[in-house]
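S.K.: Here's the letter readout for the chains.
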Amino acid sequence: MQDSGKKKIDRLVGEILESYREFPQTCSIDMKYRLNNEIIIDLLEKIRCVVFPGYFEAKNLNQDTIEYHVGELLEDIQYRLTKQVAKALYHKAELPASEQEARAKAEEIVSAFMERLPALRSILATDVQAAYDGDPAAFNTDEVIFSYPGVFAITVNRIAHELHILGVPMIPRIMTEHAHSLTGIDIHPGATIGSYFFIDHGTGVVIGETTEIGTGAKIYQGVTLGALSTRGGQNLRGSKRHPTLEDNVTVYSGASILGGGTVIGEGAVIGSNAFITSSVPGGTRVSIKNPELQFKGRVRMTELGQEGFWKG
Amino acid sequence: MQDSGKKKIDRLVGEILESYREFPQTCSIDMKYRLNNEIIIDLLEKIRCVVFPGYFEAKNLNQDTIEYHVGELLEDIQYRLTKQVAKALYHKAELPASEQEARAKAEEIVSAFMERLPALRSILATDVQAAYDGDPAAFNTDEVIFSYPGVFAITVNRIAHELHILGVPMIPRIMTEHAHSLTGIDIHPGATIGSYFFIDHGTGVVIGETTEIGTGAKIYQGVTLGALSTRGGQNLRGSKRHPTLEDNVTVYSGASILGGGTVIGEGAVIGSNAFITSSVPGGTRVSIKNPELQFKGRVRMTELGQEGFWKG
Amino acid sequence: MQDSGKKKIDRLVGEILESYREFPQTCSIDMKYRLNNEIIIDLLEKIRCVVFPGYFEAKNLNQDTIEYHVGELLEDIQYRLTKQVAKALYHKAELPASEQEARAKAEEIVSAFMERLPALRSILATDVQAAYDGDPAAFNTDEVIFSYPGVFAITVNRIAHELHILGVPMIPRIMTEHAHSLTGIDIHPGATIGSYFFIDHGTGVVIGETTEIGTGAKIYQGVTLGALSTRGGQNLRGSKRHPTLEDNVTVYSGASILGGGTVIGEGAVIGSNAFITSSVPGGTRVSIKNPELQFKGRVRMTELGQEGFWKG
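The listed protein sequences correspond, in order, to chains C, X and L. Oh and the first sequence: position 104 is 104 in this note's numbering, straight run, nothing missing. Basically this note's numbering = 1-based index in the second sequence + 312. Basically this note's numbering = 1-based index in the third sequence + 624.
Think of the hints as simulated: they come from the structure by calculation, not from any bench. Even glycine gets a Cβ: it sits at the ideal position worked out from N, Cα and C. Each hint should be verified, as a subset may be incorrect.
What the hints assert, rightly or not - Straight-line alpha carbon distances no greater than 27 Å define the calculated DSS-like cross-link-like pairs of lysine-lysine that follow: (1) C:Lys6 - X:Lys399; (2) L:Lys729 - L:Lys670; (3) L:Lys711 - C:Lys59; (4) X:Lys358 - C:Lys6; (5) X:Lys319 - L:Lys707; (6) C:Lys46 - L:Lys913; (7) C:Lys32 - C:Lys87; (8) X:Lys358 - X:Lys344; (9) L:Lys707 - C:Lys289; (10) L:Lys630 - X:Lys320; (11) C:Lys32 - C:Lys46; (12) C:Lys46 - C:Lys83; (13) X:Lys320 - C:Lys289; (14) X:Lys395 - L:Lys711; (15) C:Lys8 - X:Lys608; (16) L:Lys913 - C:Lys296; (17) X:Lys344 - C:Lys296; (18) C:Lys6 - X:Lys371; (19) L:Lys656 - L:Lys670; (20) X:Lys319 - C:Lys8; (21) C:Lys6 - X:Lys552; (22) X:Lys358 - X:Lys319; (23) L:Lys683 - L:Lys711; (24) X:Lys601 - C:Lys7; (25) C:Lys87 - L:Lys632; (26) X:Lys358 - X:Lys371; (27) L:Lys913 - C:Lys59; (28) X:Lys395 - X:Lys417; (29) L:Lys729 - C:Lys83; (30) L:Lys683 - L:Lys670; (31) C:Lys46 - C:Lys59.
Stated by the list, open to error - Covered stretches of chain C, as calculated for chain X (at least 3 residues, CB under 8 Å): (32) 12–20; (33) 25–32; (34) 106–120; (35) 184–191; (36) 276–290.
As the list claims (entries may be wrong) - Partner residues are not named here, just some residues of chain X that face chain C (Cβ under 8 Å, in silico): (37) Ser316; (38) Pro336; (39) Gln337; (40) Ile341.
Using the sequences and the hints, build the whole thing.
M.R.: In structure tokens:
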């Protein structure tokens, strides 16, 4: 009854190929428009080298060669990103009529994206400053660029968001999920985020696709800006499901703000672990009345924390 | 008093070697059965290439060569996984009598594991569908396979779980901790999980060793399916410490369900941040009465969220 | 109006260089003291190979060559770490008068750091034991070293903390943010942590810069040991903002302990999701009265969990 090693593998290969035919939606064979995750992540890193020059390259940069260096980076980004974008466009329901058309559309998109790089640098400078200003443990802005996960996440998000609004499918999400993997911060590329934005610590943060955030927001670990329910599944695609934060809103750790109609007014402060499903007027501080604490053992406590405003 | 550079290093080497003798349980020297993390992760990726062909390889796949490609992958997996499993078996308390015996047992296990690959593909196809159906932001199933952390985590868990139930020590946990590191989703390889399973966002999810989950579960970020107490430490090994979820249970973000006797009945929905330590009947929706909110500043709120059912 | 491809890139390079001049604080060009993240992470891994020999090397170690192997590692660490530390010292506000001075100071620091390696091994042995003792799912101490994220995080933290107290800027934070990225556990290198320390699961844990923890602490996923407010921003630098935990304190998942004056007494147990902003006496068990649960559907529950003491 036992088949020999080689025969066994051959039989198993047959069964697996049969499974490829049975479940074609989990195969990507004979796909000319197959994306390459590794190239997309490499391009993301190259774009980061353009916007934060000298921090992540293998070699030192100097003024004499910087022009040549940036030129080389841009040519590489333009060439390879155009190829990936053209492939991604094929994934759209309304397929381009021809490879040439997809290619032409991709060139147009990548060109528009690259024009945005100086503006990206300007807004990222405000994010770096916000991280330094907001964290007493920050040593200098170089440290912030080198090692702060919140700065990495917003950098990737701003890059991915530009591609997202230019109509590129899939690639922006691959980029933001890369940042999610490295930082625990899950920002959908569709989210619109104003300048001087700071996420501290960041693990567990979720910011949904249709979230809108004004300038000067400060967000802590474990915060969700989410939807109230997704029972509608794919029928909800495109609808405004996530909240709006006006300028200078602070959201402390573990708070949830939910729903497409929920607006947090200018300067509002949302306390730790608050669960918000309706709008909050500007200038308001909202905190939860913390659940009563129970003590066992030698001593009862006289007083325990009531205020949810804090930072770790 | 100062010794020279070379002498200093020599003295320090001596002190460190002395420390190796003093704390042998944190050394792995002269270990024939030493596992190799990198090889195990590489094997995991190869297995993923078999179950999701064409997504993660460096090259495009095509129908003409797919049979040869899969055959090569399987031979490589069989050869190297058998070696690692044989080494892992030596870690068991009851050591195999000889290297040949360990090798023979490993061959048997890896053979049984590989027979499960077509079934793994079938169940993973339901997981991919569940992710697409459940998330309005999903573009298509390719995007889900490429970039959804919940799909990566359940893929790794299903692979690791097969090895776990075949009695392989250590390797399954190395695999799931790799997924934990990349996704923030911590599923013990012992957990038993039904088909059409979807974890959305996922950062902070913990699913313990003796958890049992039916078909059609939907789990959000920050959910813990855990034990009530582990004061017993190693004495609790093997006992049912984690909950059971019947079919079609939904658990919203931040909820905790705890205890080996806790059963969540079919179709139950557990709201955000709920803390559950007793069984919940089927068809029930459980939510916390959210802690009262306090407002300071210009305006009081008239109404704020009471329902914990939502999704980000 | 359209400029050609080459001309477009040239114009864009010009705009980007202009942006480098406009925002010099987000550029690192012509910086002799530029740190190299990759080298720092590689050094961290080499130091881990010294403290846990034989687990993470590509090759097997044996007693005959271990002395030579450790000697080689130490020489490499000394040489390259000294270079990175010298560069980091230049980032300090009070610049060293000369490169020689920075170099001399770096040699002194690295020498002192290396003297601490045997002591690091001793304390890490207690951490490995704590992880094994504390988790019923742990198979043996090798598994704990190979795959437990909490053990990785405390290993990196103890290494980074030694460099931090020796006055090295930036490098310790790069190390701990690397661990944060891989584990979701965010421990500032300034935190002081006693022996026999165990973080289980760990995703979402935040331990702030001025936290002090005694021996025997056990911490679960999602715990924050944080500051009450950081509105003061950079003005708060250096002040004691984070709590103190005396010996043998347990903090269950999702709990927050906040404030520089908050002291958790010896042997206290803090329940899941508790929010603590004042001191807790030794020997006390504190849990939250869980928010009332609401049920909809077929059946009401008679009893649901009141106790916050558990583990996942």
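S.K.: All hints, please: hold or fail.
M.R.: Now for the hints, and whether the structure bears them out:
1. Distance check on the hinted pair: C:Lys6 and X:Lys399 sit about 24 Å apart at the alpha-carbon level, within 27 Å; holds.
2. Distance hint between L:Lys729 and L:Lys670 is fulfilled; the C-alpha atoms sit about 22 Å from each other, no more than 27 Å.
3. Note on L:Lys711 and C:Lys59: the hinted pairing holds, with a Cα-Cα distance of about 15 Å set against a maximum of 27 Å.
4. Distance check on the hinted pair: X:Lys358 and C:Lys6 sit about 19 Å apart at the alpha-carbon level, within 27 Å; holds.
5. A hinted pair counts as satisfied when its Cα atoms are at most 27 Å apart, and X:Lys319 with L:Lys707 qualifies at roughly 21 Å.
6. Distance restraint check for C:Lys46 and L:Lys913: the Cα-Cα separation of roughly 51 Å exceeds the 27 Å cut-off, and the hinted pair is therefore not satisfied.
7. Annotation: proposed proximity of C:Lys32 to C:Lys87 holds, straight-line Cα distance about 8 Å (limit 27 Å).
8. For the hint linking X:Lys358 to X:Lys344, the alpha-carbon distance of about 25 Å falls within 27 Å, and the restraint holds.
9. Distance hint between L:Lys707 and C:Lys289 is unfulfilled; the C-alpha atoms sit about 52 Å from each other, more than 27 Å.
10. At roughly 58 Å between alpha-carbon atoms, L:Lys630 and X:Lys320 are farther apart than 27 Å, so this suggested pair is violated.
11. Restraint check: the Cα-Cα separation between C:Lys32 and C:Lys46 comes to about 25 Å, which is no more than 27 Å; the hinted pair holds.
12. At most 27 Å may separate the alpha-carbon atoms for a hinted pair to count; C:Lys46 and C:Lys83 meet this at roughly 16 Å.
13. Annotation: proposed proximity of X:Lys320 to C:Lys289 is violated, straight-line Cα distance about 59 Å (limit 27 Å).
14. Between X:Lys395 and L:Lys711 the CA atoms are separated by roughly 44 Å; this puts the pair beyond 27 Å, and the hint is violated.
15. Proximity of C:Lys8 to X:Lys608 is assessed by CA-CA distance (about 71 Å); at most 27 Å being required, the pair is judged violated.
16. About 12 Å separates the Cα atoms of L:Lys913 and C:Lys296, which keeps this hinted pair within 27 Å; it holds.
17. A threshold of 27 Å between alpha carbons decides the hint, and for X:Lys344 with C:Lys296 the separation of about 51 Å lies outside it, so the pair is violated.
18. Between the alpha carbons of C:Lys6 and X:Lys371 the distance comes to roughly 26 Å, so the proposed pair stays at or under 27 Å and holds.
19. Under the criterion of a C-alpha separation no larger than 27 Å, the hint pairing L:Lys656 with L:Lys670 is consistent with the structure, at around 25 Å.
20. At roughly 59 Å between alpha-carbon atoms, X:Lys319 and C:Lys8 are farther apart than 27 Å, so this suggested pair is violated.
21. The suggested pairing of C:Lys6 with X:Lys552 is violated, with an alpha-carbon distance near 41 Å, which exceeds 27 Å.
22. About 47 Å separates the Cα atoms of X:Lys358 and X:Lys319, which puts this hinted pair outside 27 Å; it is violated.
23. As the CA atoms of L:Lys683 and L:Lys711 are separated by approximately 32 Å, the hinted pair breaks the 27 Å bound.
24. Of the supplied pair hints, the one linking X:Lys601 and C:Lys7 is violated, its CA atoms being roughly 62 Å apart against a limit of 27 Å.
25. Using a Cα cut-off of 27 Å, the hinted pair C:Lys87 and L:Lys632 holds, with the two alpha carbons roughly 24 Å apart.
26. A distance of roughly 14 Å separates the Cα atoms of X:Lys358 and X:Lys371; the hinted pair therefore holds under the 27 Å criterion.
27. Only pairs whose Cα atoms come within 27 Å are accepted, and L:Lys913 paired with C:Lys59 is rejected, the gap being roughly 57 Å.
28. Under the criterion of a C-alpha separation no larger than 27 Å, the hint pairing X:Lys395 with X:Lys417 is consistent with the structure, at around 11 Å.
29. Taking the CA atoms of L:Lys729 and C:Lys83, the gap is about 50 Å. The hint is violated against a cut of 27 Å.
30. Restraint check for L:Lys683 and L:Lys670: satisfied, since their Cα atoms lie roughly 14 Å apart, inside the 27 Å limit.
31. Only pairs whose Cα atoms come within 27 Å are accepted, and C:Lys46 paired with C:Lys59 is accepted, the gap being roughly 14 Å.
32. Counting residues of the region 12–20 of chain C whose beta-carbon sits less than 8 Å from any beta-carbon of chain X gives 8, enough to reach three: the coverage restraint holds.
33. For the region 25–32 of chain C, the stated coverage by chain X is satisfied: 8 residues place a CB nearer than 8 Å to a CB of that chain, which reaches the threshold of 3.
34. Counting residues of the region 106–120 of chain C whose beta-carbon sits less than 8 Å from any beta-carbon of chain X gives 0, not enough to reach three: the coverage restraint is violated.
35. With 4 residues carrying a beta carbon less than 8 Å from a beta carbon of chain X, the region 184–191 of chain C meets the three-residue requirement, and the given coverage holds.
36. Here the region 276–290 of chain C counts 14 residues with a CB under 8 Å from a CB of chain X, which clears the bar of 3, and the coverage holds.
37. This hint is violated: X:Ser316 has a C-beta 32 Å from the nearest C-beta of chain C, more than the 8 Å allowed.
38. The beta carbon of X:Pro336 is not positioned within 8 Å of any beta carbon in chain C (closest approach about 35 Å), and the interface hint is therefore violated.
39. Proximity of X:Gln337 to chain C is violated relative to the hint, the smallest CB-CB distance being about 31 Å (cut-off 8 Å).
40. Annotation: X:Ile341 was flagged as interfacial toward chain C, and the flag is violated, the nearest CB pair being 33 Å apart, outside 8 Å.
In this structure, the earlier hints numbered 6, 9, 10, 13, 14, 15, 17, 20, 21, 22, 23, 24, 27, 29, 34, 37, 38, 39, 40 are contradicted, and the remaining ones agree with it.
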